[in-house]
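The listed protein sequences derive, respectively, from chains A and D.
822 is the number of the first residue of the first sequence in my numbering; add one for each residue after it.
-14 is the number of the first residue of the second sequence in my numbering; add one for each residue after it.
These are calculated hints, taken from the structure and not from any lab test.
Be a bit skeptical, because a hint or two may be false.
[Unchecked claim] Quick list of in silico lysine-lysine cross-link-like pairs, BS3-like style, CA-CA up to 25 Å: (1) D:K26 to A:K899; (2) A:K929 to A:K894; (3) D:K5 to D:K49; (4) D:K51 to D:K40; (5) A:K891 to A:K876; (6) A:K929 to D:K26.
As the structure is a computational prediction, the values presented were derived from the model and not from experiment.
Each chain is listed here by its residues.
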Amino acid sequence: AQTVTQSQPEMSVQEAETVTLSCTYDTSESDYYLFWYKQPPSRQMILVIRQEAYKQQNATENRFSVNFQKAAKSFSLKISDSQLGDAAMYFCAYRSASGSGYALNFGKGTSLLVTP
Amino acid sequence: GAVVSQHPSWVICKSGTSVKIECRSLDFQATTMFWYRQFPKQSLMLMATSNEGSKATYEQGVEKDKFLINHASLTLSTLTVTSAHPEDSSFYICSARWARANTEAFFGQGTRLTVV
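If we strip away everything but chain A, and leave its shape as in the complex, we get (with noise of 0.2 Å):
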């Protein structure tokens, strides 16, 4: 079964500031999507960006883009000129490309903070 790790609990940035989320994962697949979703205090689950192993290129998306390291399996999501909106949690989450449908295996998450 793939494994998604978050290894930071909790994270703290200014506003305006960069901050950069971790994630790791274990799979021996070589085709999978990866995501990383927001959840902000209502609990709605949020898509902030999504990444497809086979692309080279890092998805980015207006303030939020990633580092996808296939070979070692990682993808950390960075957060440019912070938002006190920003402030959520934030998971990392794997999808097999095929088989297992579209089921999400989310790591722990990150809780990141916002301050003025």
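Could you slot chain D onto chain A? The hints should help.
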């Protein structure tokens, strides 16, 4: 588009009673729906996967007789917690797969269940 609605948002029930949670895809047909459980300050754990018209597939350790899942139509899946006990108190989240959005699943807003 791709909205998933979960109802109720929160529910309190007495120990020993059953409670039903609905998950609806409002503007697309969901061939597969997933049910997750999230304890406070923890990650989302997959409970079961349901495909329309067939029996749900439960993850190891999840009691299928306690957590009844019905996926009778392409827009509705239900999770019934039978004979609920205080340890069943948790946050339950559904997600749905839309064939046209090939890489991600869409989440409902979750249901907070409290058993007293």
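Comparing the hints with the structure gives:
1. D:K26 to A:K899: At roughly 22 Å apart (the allowed maximum being 25 Å), A:K899 and D:K26 satisfy the hint.
2. A:K929 to A:K894: holds (17 Å)
3. D:K5 to D:K49: holds (14 Å)
4. D:K51 to D:K40: Answer holds: D:K51 to D:K40 is near 15 Å, not above 25 Å.
5. A:K891 to A:K876: holds (10 Å)
6. A:K929 to D:K26: holds (9 Å)
Checked against the numbered hints above, the structure breaks none of them.
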